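Each chain is listed here by its residues.
Protein chains: 2
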Amino acid sequence: MVGNSNRVEHYGGTERSTNITIFSSESEYMDAMSQPPPEVHKVCLPPSTTTFQKLRHRLSEIFFPDAPLDRFKNQTWFRKFILGLQFFFPIFVWAPNYNLKLLQSDVVSGLTIASLAIPQGISYAKLANLPPIVGLYSSFVPPLIYSVLGSSRHLAVGPVSIASLVMGTMLGEEVSYTDQPILYLQLAFTATFFAGVFQAALGLLRLGFVIDFLSKATLVGFMAGAAIIVSLQQLKGLLGIVHFTNKMQIVPVLTSVFQRTDEWSWQTIVLGASFLLLLLTARKVSMRNKKLFWVSAAAPLTSVILSTLIVFCLKSKLPMVKTIGHLPKGLNPPSSNMLYFQGSYLGLALKTGIVTGILSLTEGIAVGRTFASLRNYQVDGNQEMMAIGFMNMAGSCSSCYVTTGSFSRSAVNYNAGAQTVVSNIILSATVLITLLFLMPLFHYTPNVILGAIIITAVIGLIDYEAALKLWKVDKIDFFTCLSSFFGVLFISVPLGLAIAVGVSVFKILLHVTRPNTAALGNIPGTHIYQSLRRYRESQRVPSFLIVAVEAPIYFANSTYLQERMLRWIREEEEWISANNESTLKCVILDMTAITAIDTSGIDTICEVRKMLEKRSLQFVLANPAGNVMEKLHNSNVLESFGVNGLYLSVNEAVNDISSSWKSQPFP
Amino acid sequence: MVGNSNRVEHYGGTERSTNITIFSSESEYMDAMSQPPPEVHKVCLPPSTTTFQKLRHRLSEIFFPDAPLDRFKNQTWFRKFILGLQFFFPIFVWAPNYNLKLLQSDVVSGLTIASLAIPQGISYAKLANLPPIVGLYSSFVPPLIYSVLGSSRHLAVGPVSIASLVMGTMLGEEVSYTDQPILYLQLAFTATFFAGVFQAALGLLRLGFVIDFLSKATLVGFMAGAAIIVSLQQLKGLLGIVHFTNKMQIVPVLTSVFQRTDEWSWQTIVLGASFLLLLLTARKVSMRNKKLFWVSAAAPLTSVILSTLIVFCLKSKLPMVKTIGHLPKGLNPPSSNMLYFQGSYLGLALKTGIVTGILSLTEGIAVGRTFASLRNYQVDGNQEMMAIGFMNMAGSCSSCYVTTGSFSRSAVNYNAGAQTVVSNIILSATVLITLLFLMPLFHYTPNVILGAIIITAVIGLIDYEAALKLWKVDKIDFFTCLSSFFGVLFISVPLGLAIAVGVSVFKILLHVTRPNTAALGNIPGTHIYQSLRRYRESQRVPSFLIVAVEAPIYFANSTYLQERMLRWIREEEEWISANNESTLKCVILDMTAITAIDTSGIDTICEVRKMLEKRSLQFVLANPAGNVMEKLHNSNVLESFGVNGLYLSVNEAVNDISSSWKSQPFP
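Protein chains in written order, with UniProt numbering: chain H, 1 to 667; chain P, 1 to 667.
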């Protein structure tokens, strides 16, 4: 759109000049518009407020956009107390109305997610390089805490793949579980504690918008990248490889897979491949028919039972197949004494805690919101953050690692008819029974089945359709998605995420640094002024140039906009002299979309006004937004524009200025 | 503006309800608007372009907003060659028309700035911890180069205080000039070289907008902070202190001053104080009366001559007063062999080069633009960057350190009547004569006079009026200014600058993260819809809620906007039920100021639409901008809105929907 095609951009196609009428003078134009004599409305300042009021308004919009205190207004003290209790402990909202019918639904859904949560818990713990039992511990305490504090009715709480993976990678790159199991456990619990503190702090300080900076595009790319890495890492278990990298980039993982072909074990491969096929088929069936959701929900537990039986029966013939081995019976041991608050790895634990905290928060909130919107109830983001945060802080003291609401289990929960968080309590109870009595049954469960379960779970994270849609709708979003995808694959999780957030922020800055500008024309018979390029029916108004700027004017774009406005005028004048049109006399700046201005922007407006004055061109402003108007007023710029320099709409500006010219002899 | 005053914000004052009429039903409202039957215009997509065309347009707006190639269009090859030559060497623009009269003016102004440049050059070199002679070298070669490449007619080139100070501090913190003079010189020249490369690269790659991120607010704070530090550092010379910190933060500097009271020398203090008074008085005189600009221009050289004479005559009685000492006669020695491209200090040189490069560029460009706008000619930012960059690269090979256009000397140049860059050539010639013949005269010049000259120069950088104006107009700009001020005073120059840039960028993000939203009403008798809060004459339209969002809808604000829109609707419904108004039936989103949207934003629109559908509320969009419309179209969102979900203006939406209700029986 530069060079030769400039004119196209300017006036919506060169062919326009042949098939539309352009009024040759403003008097003719005025006659064509059968309007009453122009009425001019004053542009108002917003109601005057003190700096303190403004600050208060700004802060309340930043931290309390949902006005959470509104409900406490005009209530008795007792009612306020009850509301407060309900606010902090949503259990008080639903518990009074809980009944047997709801319990029935919740028991069914609770048992269903338990059958999914137990094998997933064991698998995800492996993903985090933790002992499988920690995965079960983490499916016991956190759901109980969440059922008291959480506001989502369908969230199924427990370990999740992404957070497990990230914790495993970040800790595993500096500390090996096999070499220093105690230190590794200490760091995992400490990271969980920090994740909880971070999450609860975001909620308490109402900084929930921090997670908004992980845009959907970033997450699509990130999850696809993570899923690919995780799946490839499972080749360790599926192929029976013993020596495997603890790195997480794609290059070392693939190297490990193909350098160790001598360690591949055909028995393991056959077992793994058949169960992977079973699980993937079950997943496919459930996806085709939503009513058969229980097929994929039951598949993991079935596979675990089946494979355990097979290995138990054939244990003499399958010595190569690694099994989970002995798991201790009993409840979560306390682990607050294992928190690690000093020493050289504190920074690592803190960093891991923040990254896993923000990722698990993003997943938990997104899942909660999704199901809330399906059932038309509200989930308060900040409150959810506190619930998830406290759940993780409590978890870190009871041998749990990072947990949050899992998408796959919540979907099963929802489909199984869960009505309240009681399904999480049922889940807990089932895990409790497992921990107390059923642990020996897992002795012969083969590791390979855990790999198959993980692959089946993470494969759904690769959302190529979403990526395609990003490409179709927004190229920069697609680029963000790609950068987080490749960042995660080839660099590392935190850096990949950081790059994607950087690209997203850069996109915002780019929009501000190089905003759209357009020349406007009138749509005949209306008061509407629209882009000449976009609306072929819009007509240029003789002797006027109406420029719209579609962004705030800030330090970052003030120089650009100044140059750009002068170029619009230059091009307009060139066009006029080439087409023998009536000379340019007035430039109108349509400020409707200039939603903010700073001191550099104000200087730009002054500068343009001065330059146009030297060229004997009138320069007027139309429809400045409230805060822009206030700043123009405070900086005394409006005085230099005089009485007729400011209009409420482009239409009023054109009419008033045209009629003032008509009342004077033509220059 | 929360809590009790919510209603005020919503409807522009509670008192409104008593003194304005609100139409009680939409039919009454329609009768009141004596409009012809509503005409509805289609919302157009922008002309369809391919991804490649869009990318090309975007890139041309980013890198060539001024369309520099336009002038080459439709020209003969010879003419194109001449234009290209003029583009790269602006000397070819003015040289052909140069005449004796212009030369006369340039000689006068050249001699005037030389009288200022020689003492300033020596002083600023001291500020950078460099030998005084380097300051003179730097006033000889760079002006010559600039006169060939530069496009500003009034820029007076040479060393400047800010860049000198920053170079002195950044290098001085790691390498001491007194201990390792050769290494220090090497690093200074190398930093100059990198500064030049960085500057020229910004110009060549047309990345000039990078310097726009140093907003005026940042610079006001930064320069004031730097000026205070520099002035305090000069107390070393003015008080005659021998042992002084080489740090640049305010705390160590003040400590140095008051810990070394035993080293204070009264002779030095008397000499320094009297000349400082003389210089400040001269400055005051020139500021009061612009015609007397030559008083402050001549004062430094006069002071140098006077003080040298005093010290020379009284040298036996003033042994405490330190003098410059021996300076070698002769032209700039080549220094390309001193560039330091490997070794442990390479990073330091690079960092110093980039920071001094960006600072000197900012000053040079700002000065050039200021004087160009006074005389109504254009200075091309990118070309100036190349000129300054090549000047510094050449300088680094001829014993010069970082130079740029100095504000104080350019102002003198302008006031002395400079017409072209020939005044820089005259300056060079004068410095040449000084270097060849007059160096011994500086032997007895006391160091204290250099301190006095520096203080007088930098004191003008403290622009408290600009800071006051920032406070008045824009509180966040003022905060940016304060953070760079205190950052520079208490932390360090690069960090202070980085913090201020961070605050500026944060401000942009904040505007996007928490945009303004407003409920609109109609101004009776017009097609104009304006904020109910701001325009007391605007009236709410019964059964409609018209919400305007004043920012692009991005991932960073999509959640907020969704919540905020639902809150508008909730508050509207509460207000309606409290005032027995006609029920809400339609929500119009005025998209005029929504200048962009991404995939998250599109999801938000869909989400709001679904929620409102569940509550049987109609949701329509008005006036989406071109690229927003395109994205809504590409993502197939428009289909769900149907034929009557999209209007060109709020007015058409209200009229069309109202009349469709009228034609149906009332629900």
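Just so you know, not all the hints are guaranteed correct.
As the list claims (entries may be wrong) - Calculated lysine to aspartate or glutamate pairs in the EDC-like style (CA-CA distance at most 16 angstroms, straight line): (1) H/K73 / P/D179; (2) P/K469 / H/E537; (3) H/K247 / H/D262; (4) H/K80 / H/D70; (5) H/K472 / P/E571; (6) P/K73 / H/D603; (7) H/K42 / H/E639; (8) H/K472 / P/E630; (9) P/K472 / H/E630; (10) H/K585 / H/D603; (11) H/K475 / P/E630; (12) P/K475 / H/D70; (13) H/K73 / P/E630; (14) P/K469 / H/D603; (15) H/K42 / P/E537; (16) P/K42 / H/E537; (17) P/K80 / P/D70; (18) H/K469 / P/E571; (19) P/K472 / H/E572; (20) H/K469 / P/E630; (21) P/K73 / H/E630.
Said to hold, decoys possible - Partial list, derived from the structure: chain H residues whose beta carbon lies under 8 angstroms from chain P: (22) P47; (23) R71; (24) N74; (25) T76; (26) W77; (27) D474; (28) S531; (29) P552; (30) C606; (31) E607; (32) G626; (33) E639; (34) F641; (35) G645; (36) L648.
Hints listed in this document are in silico derivations from the structure and should not be mistaken for laboratory results. Quantities reported herein were computed from a predicted structural model and do not represent experimental measurements. A virtual CB, placed ideally from N, CA and C, is assigned to each residue, including glycine.
Tested hints:
{"no.": "1", "hint": "H/K73 / P/D179", "in the structure": "violated (71 angstroms)"}
{"no.": "2", "hint": "P/K469 / H/E537", "in the structure": "violated (45 angstroms)"}
{"no.": "3", "hint": "H/K247 / H/D262", "in the structure": "violated (21 angstroms)"}
{"no.": "4", "hint": "H/K80 / H/D70", "in the structure": "holds (11 angstroms)"}
{"no.": "5", "hint": "H/K472 / P/E571", "in the structure": "violated (37 angstroms)"}
{"no.": "6", "hint": "P/K73 / H/D603", "in the structure": "violated (33 angstroms)"}
{"no.": "7", "hint": "H/K42 / H/E639", "in the structure": "holds (15 angstroms)"}
{"no.": "8", "hint": "H/K472 / P/E630", "in the structure": "holds (11 angstroms)"}
{"no.": "9", "hint": "P/K472 / H/E630", "in the structure": "holds (11 angstroms)"}
{"no.": "10", "hint": "H/K585 / H/D603", "in the structure": "violated (23 angstroms)"}
{"no.": "11", "hint": "H/K475 / P/E630", "in the structure": "holds (12 angstroms)"}
{"no.": "12", "hint": "P/K475 / H/D70", "in the structure": "violated (29 angstroms)"}
{"no.": "13", "hint": "H/K73 / P/E630", "in the structure": "violated (44 angstroms)"}
{"no.": "14", "hint": "P/K469 / H/D603", "in the structure": "holds (12 angstroms)"}
{"no.": "15", "hint": "H/K42 / P/E537", "in the structure": "holds (10 angstroms)"}
{"no.": "16", "hint": "P/K42 / H/E537", "in the structure": "holds (10 angstroms)"}
{"no.": "17", "hint": "P/K80 / P/D70", "in the structure": "holds (11 angstroms)"}
{"no.": "18", "hint": "H/K469 / P/E571", "in the structure": "violated (35 angstroms)"}
{"no.": "19", "hint": "P/K472 / H/E572", "in the structure": "violated (37 angstroms)"}
{"no.": "20", "hint": "H/K469 / P/E630", "in the structure": "holds (14 angstroms)"}
{"no.": "21", "hint": "P/K73 / H/E630", "in the structure": "violated (44 angstroms)"}
{"no.": "22", "hint": "P47", "in the structure": "holds (7 angstroms)"}
{"no.": "23", "hint": "R71", "in the structure": "violated (11 angstroms)"}
{"no.": "24", "hint": "N74", "in the structure": "violated (11 angstroms)"}
{"no.": "25", "hint": "T76", "in the structure": "violated (18 angstroms)"}
{"no.": "26", "hint": "W77", "in the structure": "violated (18 angstroms)"}
{"no.": "27", "hint": "D474", "in the structure": "holds (5 angstroms)"}
{"no.": "28", "hint": "S531", "in the structure": "holds (6 angstroms)"}
{"no.": "29", "hint": "P552", "in the structure": "holds (6 angstroms)"}
{"no.": "30", "hint": "C606", "in the structure": "violated (10 angstroms)"}
{"no.": "31", "hint": "E607", "in the structure": "holds (6 angstroms)"}
{"no.": "32", "hint": "G626", "in the structure": "holds (5 angstroms)"}
{"no.": "33", "hint": "E639", "in the structure": "violated (14 angstroms)"}
{"no.": "34", "hint": "F641", "in the structure": "violated (16 angstroms)"}
{"no.": "35", "hint": "G645", "in the structure": "violated (18 angstroms)"}
{"no.": "36", "hint": "L648", "in the structure": "holds (6 angstroms)"}
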